[in-house]
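As given, the protein sequences belong to chains E and L, one line each in that order.
Positions 23 to 169 (the working numbering) are the ones given, in order, by the first sequence.
Positions 40 to 451 (the working numbering) are the ones given, in order, by the second sequence.
Simulated from the structure, these hints should not be mistaken for laboratory data.
Accuracy of the hints is not assured; some may be wrong.
Listed next, the stretches of chain L that the computed footprint assigns to chain E, with coverage defined by at least 3 CB atoms under 8 angstroms from CB atoms of chain E [stated by the list, open to error]: (1) 165-171; (2) 244-252; (3) 363-370; (4) 403-415; (5) 423-434; (6) 438-448.
Below, simulated EDC-like cross-link-like pairs (lysine to aspartate or glutamate); rule was C-alpha separation at most 16 angstroms, straight line [to be verified]: (7) L:Lys91 <-> E:Asp108; (8) E:Lys101 <-> E:Glu139; (9) E:Lys29 <-> L:Asp170.
By construction, the Cβ of each residue, glycine as well, lies at the ideal position given by its N, Cα and C atoms.
Next come the chains, spelled out residue by residue.
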Amino acid sequence: MKRIYVKEEWCLGCHLCEYNCAFANSGMTDMVKALRGKTIYPRIQVETDENGVTYAVSCRHCNDPLCVKSCIAGALSKKDGVIEIDHSKCVGCLTCVLVCPYGAVVEDGSGVAQKCELCMKNTCGAPACVKGCPNGAIVYEDRGEAE
Amino acid sequence: MKKYVIIGNGVAAAGCIEGIRSADAEGSITVISAESYPVYCRPLISYYLENKTDLQRMNYRGESFYADHNAAVLYGKNAAEIRTDAKQIILDDGSSIAYDALCCCTGSSPFVPPMQGLDTVEKKFSFMTIDDTLALEKAVTPESRVLIIGAGLIGLKCAEGLHDRVRSITVCDLAPRVLSSILDDRCAAMMQKHLEDHGISFILGTSAKEFQGGHAVMQNGTEVDFDVLVLAVGVRANTALVKNAGGNVGRGIAVDDACRTSLPDIYAAGDCTEYHDISSDSVKVMALMPNAYMQGRTAGVNMAGGEAAFDNAIPMNSIGFFGFHCHTAGSQPEGCEMYEEADENHIKRLFVKDDRLTGFMILGTMHRTGIYTALIRNQTPLSSVDFDRLRIEPQLAAMGSAYRDKVLKGAV
Chain E
23 MKRIYVKEEW CLGCHLCEYN CAFANSGMTD MVKALRGKTI YPRIQVETDE NGVTYAVSCR
83 HCNDPLCVKS CIAGALSKKD GVIEIDHSKC VGCLTCVLVC PYGAVVEDGS GVAQKCELCM
143 KNTCGAPACV KGCPNGAIVY EDRGEAE
Chain L
40 MKKYVIIGNG VAAAGCIEGI RSADAEGSIT VISAESYPVY CRPLISYYLE NKTDLQRMNY
100 RGESFYADHN AAVLYGKNAA EIRTDAKQII LDDGSSIAYD ALCCCTGSSP FVPPMQGLDT
160 VEKKFSFMTI DDTLALEKAV TPESRVLIIG AGLIGLKCAE GLHDRVRSIT VCDLAPRVLS
220 SILDDRCAAM MQKHLEDHGI SFILGTSAKE FQGGHAVMQN GTEVDFDVLV LAVGVRANTA
280 LVKNAGGNVG RGIAVDDACR TSLPDIYAAG DCTEYHDISS DSVKVMALMP NAYMQGRTAG
340 VNMAGGEAAF DNAIPMNSIG FFGFHCHTAG SQPEGCEMYE EADENHIKRL FVKDDRLTGF
400 MILGTMHRTG IYTALIRNQT PLSSVDFDRL RIEPQLAAMG SAYRDKVLKG AV
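Pulled out of the complex, with its shape left as it was, chain E reads as follows (with noise of 0.2 angstroms):
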């Protein structure tokens, strides 16, 4: 199944991809609209390790989800190597944010949690954070890795 992949020895540290995982998820249609003046609650992170080297960390839509079996509301789930969280159902409670072991799911910024859904879910239809990234260091690939 395809999966994000980051090449860290291509990432900037622009941060372009949170910007870009912000607005494919703001349901606006103009980007300076969307995010002009406002705290972004991206769904991807840019960190930086202590030799400057930058790479972008989102959900790994891990094989063995421990956000999937400790979600105390049943939103969260796995469907065709997608890990989505039902928004109807989340109470935002944030156990997902205290088992998640990559920092992958975070508050949205209203109290709830949220994690990158591949832009299944909105109108950029394939993750907008590849899309966007000006030198190829985040991709979505098939590697042959196993479910």
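Using the hints, position chain L against chain E.
Then chain L, alone, in the frame of chain E:
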């Protein structure tokens, strides 16, 4: 064809069904459910009172869950006895069900200590089930003064749930602080202040001595008038079935990493069990929903002849009130060191011993706390990571490039 029987119909049972079916598509599954509802999210009953969910959305799984997993549910039935010699369960209606593999997911029950005059209280409730919640909902009015006995997770979530529905809420507890099972004094004080800012009153460090109708007298002499009483003192694991069948039982049903009890072909999972906490290297009752699911699933796989272990259990809680959250995990062993950062609206306390993170309490800002939880669960040597960076901010960047490559360049 193997006959699987599950006593109980909570989240552990759902995990057990999914575990069985991951390894055996053929065997028959029978679920004995005391409650008349499909598996629901028990901790959501307070969110129901807040109108943040409803009975439909509280279902843990979709409408066709039992049908999809070819499981039969006997609603409104209770198991009265397990006969290990005949491998049969006797129900309270006298009928019997044969099993090849059995899982006890019997949960826990509210514990109500003897209190003088409790029988004179007209409107009193537990807060464990949908039926408790619907009865409580019916009993309260915007004029109700509510007294909640117990400032633990159940009592305080009940207080939050009732907040917009009643006139006043007073919570009392024998412990000198709120959430005494998961927070220390300083963290509890911050949470208590937050709750008080939302109008919840507390009487701590004392217990109810006597009730006279709608009047309570505490051991320390404080008196409270109330209209509705909620009893949330604590819970006890439902162990009787396994105990009476001769199984090992402590404060919960004793289970190993495979979720086996001491009795052949009998497994147990969820709030009814006691099991190994790796963060304190001790056996505890850890009545937590995530663990219940993982135990149930583990039991199910093993019942069906597969191999699964839940061998890294730790206590952990994510709980919030009126938008103020708290995350806790692991334990604080004697002699541990504490790293702390704190300001008026935020505390982070990390507990370290023998080169391991053993536990934490974080209040206020919940960001990527799961990275800390994983350090506890994986018993990661802190000398192998950049803990000086990690303790300031949870991040993969401080976990070493090998770990990062595994996570971000491969499938995990």
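Hints, verified against the model:
Look at the segment 165-171 of chain L against chain E: 0 of its residues bring a Cβ nearer than 8 angstroms to a Cβ of that chain, fewer than three, so the hint is violated. Closer than 8 angstroms: that is the beta-carbon criterion, and the segment 244-252 of chain L has 0 residues meeting it against chain E, so the requirement of 3 is violated. Given as covered by chain E, the segment 363-370 of chain L passes the check, having 3 residues with a CB less than 8 angstroms from a CB of that chain where 3 are the minimum. Coverage of the segment 403-415 of chain L by chain E holds. Counting CB-CB distances below 8 angstroms, 8 residues qualify, and the rule asks for three or more.
Only when three residues or more bring their CB closer than 8 angstroms to a CB of chain E does the claim for the segment 423-434 of chain L stand; here the count is 4, and the claim holds. Coverage of the segment 438-448 of chain L by chain E holds [criterion: at least 3 residues with CB-CB distance below 8 angstroms; count 5]. For the hint linking lysine 91 of chain L to aspartate 108 of chain E, the alpha-carbon distance of about 14 angstroms falls within 16 angstroms, and the restraint holds. Distance hint between lysine 101 of chain E and glutamate 139 of chain E is fulfilled; the C-alpha atoms sit about 11 angstroms from each other, no more than 16 angstroms.
Of the pairs offered as hints, the one joining lysine 29 of chain E and aspartate 170 of chain L is violated, with about 53 angstroms between alpha carbons and a cut-off of 16 angstroms exceeded.
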